[in-house]
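**Student:** Each chain is listed here by its residues.
There are 6 protein chains.
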Amino acid sequence: MTKLTHLDKYGKAQMVDVSGKPATKREAVAKGSVFMKKDTIRLIQDNKISKGDVLGVARIAGIMAAKKTSELIPMCHPLNISSVNIDFEIDTKKNRIDIESRVKITGQTGVEMEALTAVTAAALTIYDMCKSADKGMIISDIMLIEKKGGKSGTFRR
Amino acid sequence: MTKLTHLDKYGKAQMVDVSGKPATKREAVAKGSVFMKKDTIRLIQDNKISKGDVLGVARIAGIMAAKKTSELIPMCHPLNISSVNIDFEIDTKKNRIDIESRVKITGQTGVEMEALTAVTAAALTIYDMCKSADKGMIISDIMLIEKKGGKSGTFRR
Amino acid sequence: MTKLTHLDKYGKAQMVDVSGKPATKREAVAKGSVFMKKDTIRLIQDNKISKGDVLGVARIAGIMAAKKTSELIPMCHPLNISSVNIDFEIDTKKNRIDIESRVKITGQTGVEMEALTAVTAAALTIYDMCKSADKGMIISDIMLIEKKGGKSGTFRR
Amino acid sequence: MTKLTHLDKYGKAQMVDVSGKPATKREAVAKGSVFMKKDTIRLIQDNKISKGDVLGVARIAGIMAAKKTSELIPMCHPLNISSVNIDFEIDTKKNRIDIESRVKITGQTGVEMEALTAVTAAALTIYDMCKSADKGMIISDIMLIEKKGGKSGTFRR
Amino acid sequence: MTKLTHLDKYGKAQMVDVSGKPATKREAVAKGSVFMKKDTIRLIQDNKISKGDVLGVARIAGIMAAKKTSELIPMCHPLNISSVNIDFEIDTKKNRIDIESRVKITGQTGVEMEALTAVTAAALTIYDMCKSADKGMIISDIMLIEKKGGKSGTFRR
Amino acid sequence: MTKLTHLDKYGKAQMVDVSGKPATKREAVAKGSVFMKKDTIRLIQDNKISKGDVLGVARIAGIMAAKKTSELIPMCHPLNISSVNIDFEIDTKKNRIDIESRVKITGQTGVEMEALTAVTAAALTIYDMCKSADKGMIISDIMLIEKKGGKSGTFRR
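Residue numbers (our numbering), protein chains in the order written: chain A, 11 to 167; chain B, 11 to 167; chain C, 11 to 167; chain D, 11 to 167; chain E, 11 to 167; chain F, 11 to 167.
What the hints contain is simulated information worked out from the structure, not anything from laboratory work. Mixed in with the good hints, there may be bad ones.
Given that identical chains are not distinguished, each listed pair holds provided it fits within a single copy or across any two copies.
Derived lysine to any residue pairs resembling SDA-like cross-links, with alpha carbons at most 25 Å apart [claimed, not checked]:
#, residue 1, residue 2
1, K22, N105
2, K158, V26
3, K104, K161
4, K104, R52
5, K31, G160
6, K103, V26
Taking the hints into account, I'd like the entire structure generated from these sequences.
**Tutor:** So, in structure tokens, the structure goes:
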């Protein structure tokens, strides 16, 4: 029977005990998208080509947020992540920017929340950087793509 | 001509100067949804009815994250928000949980990023609390619903 | 009828709305004590007289913690406190160190939680600095002594 | 001869060197109490039974504060704690709420400060959630109950 | 007679009381330089021209650090800064990168520490980004250039 | 050919992957100086001898900042440092205070940024504590002195 491990048998929130687990190599990949007006896509592209900064700022926001995951998500373990990478793809047909993060660690628990948090912070930063031009942007399709390492094995969407 | 105010005329990132703006009452409402399996919805509901905690933890995560917005989004001003409220609605037909946040301030700049950050952190926390049962959950449709106060006037989706 | 303002009418946690309140001068004083072995008191005094540091470190910990109050207490408003002072008194008869904090602000809400947090962090730091000599220390009698300013008027213990 | 390890031989504050110590399983239990009026106990209980939230918020505050210990206590090592649990007991005869925390880690140093910080933050949060009804609450009897693992062996109160 | 306002009359550290001061517009400018090998300058320039990121990352680090000043400098007041700008100049003759920050606020106290912290964090980030190529870099000449607003009047270096 | 490891092959910022590296003992020493007026040196000394606090506060600021390095420097890995020591030397001939930090860890990556951050925060704190007497102080000569452990071997200035 499936259960929510962050609740104990009385339904109270807890940080799950991982003290007995071995430290193994783990990796997680997450994705998400920011939908916007065609003109907003163009503004980002224009800045990018000539001098540009929107996606550069969003990348750093995502990397730094991954390190803050356990401060944001109450039951997350503090972790010393080993690497974070964030990539953007501009889809001018669907007027959206796709964000992909990849996080690695050698540790006792997985890094899917770190990967999801990185994508989310990058998306919020794109919104913030562009909101003077477009308040109607939508952040969607934030999901775990892949998770490797640890006892529960590989997850692939 | 629309421009991205977080970039200066050379395209470099900057925190926009609000030192000359008056402190006025402002408010922002944001929304978002977490899509999940029917069984996961049920797990959350079961816990809620008897002793339950998933949404309680997510609410607190959202409120605390709203206070951390300027640490997460690089160009956001630090703000002393006056109130945060977060509401959840469980849609058992569409198998999703809808999240709505409302943030208020008397200040020199708006709180839409705080409202969006609150929704996002609540959504990530729901994912974290339920991921032992359902790794395929999707966070979507994060958007600004309303924004009041300040020079740029009211925005309503 | 008395109610808990950090819970809304449905019992859900909320950060109380202070956006309509005027910014006034406010002040709070809190106290607390750390009880320890006579030898531990002496160790602290010896260090203090010749070169000493335990209470100096505890004072800074208390001041810095006051600034972090809204990160620690979920429903606390972020505040720009105007001043913090922390004083210690060594009671060699009762083998305890008394801690008093005084916090001021010109703002929309009171600073009693900041004063209590300052005392608490100073007490925990004394424990940490001395725990190699005395693990049995007890932190007690943390309480609000005085609160001035704001609509609810003056509170004095 | 007993000495304070957080002071070097000249009495200056230092973070003790643990780089040569092996990583072992460690555990600490701490306790504390919040004394309040009978009516305040009842308010907390009423909320708890029907919909309630005070202790739920305090539990999360305690868990999140345990993760922040090294940011609050100047000489504490940053640690990746493996688990945190917090329990409450309402003592309606003595009009107090007892708080117990249990923290675990596989690491180079103990987690007694994390356990004490968790209890303290939970207590402060109970105070904050109830202070509109009762400003006279007292936080007392914060102490280490048990400590296991590491070179110095087991401590039991 | 000049005195150190962050020490009280007994020499104890304190956060100076600014609760009685009016909120006025204030501004501070600070500078600093990172000295490095000619090759390292060239590496930064090469990256800048084609795709480059070193100074972009350093700018964001500086802006975000300005917001963290009161968490780093124990007696600094928490402040809601109104704007931060950071500029770099590459001096290929002296093999150094000059950093200038400008911080503004409408508040009760000045922002010189915020300006100095912004310069410092930007300099440390340049070091971090380039240290795989040049561990001998030196950060120097960090100083306040200008300070305007507030009772003590204008300071100009 | 030397390259900047914090930029990937496309010039985008990344946190370098250290997940495959073994955890070894590492150590870094950094230095820096604060230049000031003769009178300011004397003020610090006067306070130090009788009751004094400036360097005591700066030491704690440096130790606490070392623990925050990965929050300040965007591409730094979060690390559980094992020890930090900070020493000051007052040079009354050159009217400057020299700061030296030593940081240790058993980990997958070095701690030179932690040592440099500790020196820098201590220097900024000295500036803050003395700025009411001397706004013209200059922070200079911040540099890595030694680095031991890890694959790249020993660096000595």
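**Student:** None of the hints should be skipped; say for each whether it holds.
**Tutor:** Each hint tested on the structure:
no. : hint         : result
1   : K22 to N105  : between (43 Å within a copy, 23 Å between copies)
2   : K158 to V26  : both (19 Å within a copy, 19 Å between copies)
3   : K104 to K161 : neither (38 Å within a copy, 32 Å between copies)
4   : K104 to R52  : within (13 Å within a copy, 35 Å between copies)
5   : K31 to G160  : both (9 Å within a copy, 18 Å between copies)
6   : K103 to V26  : neither (44 Å within a copy, 31 Å between copies)
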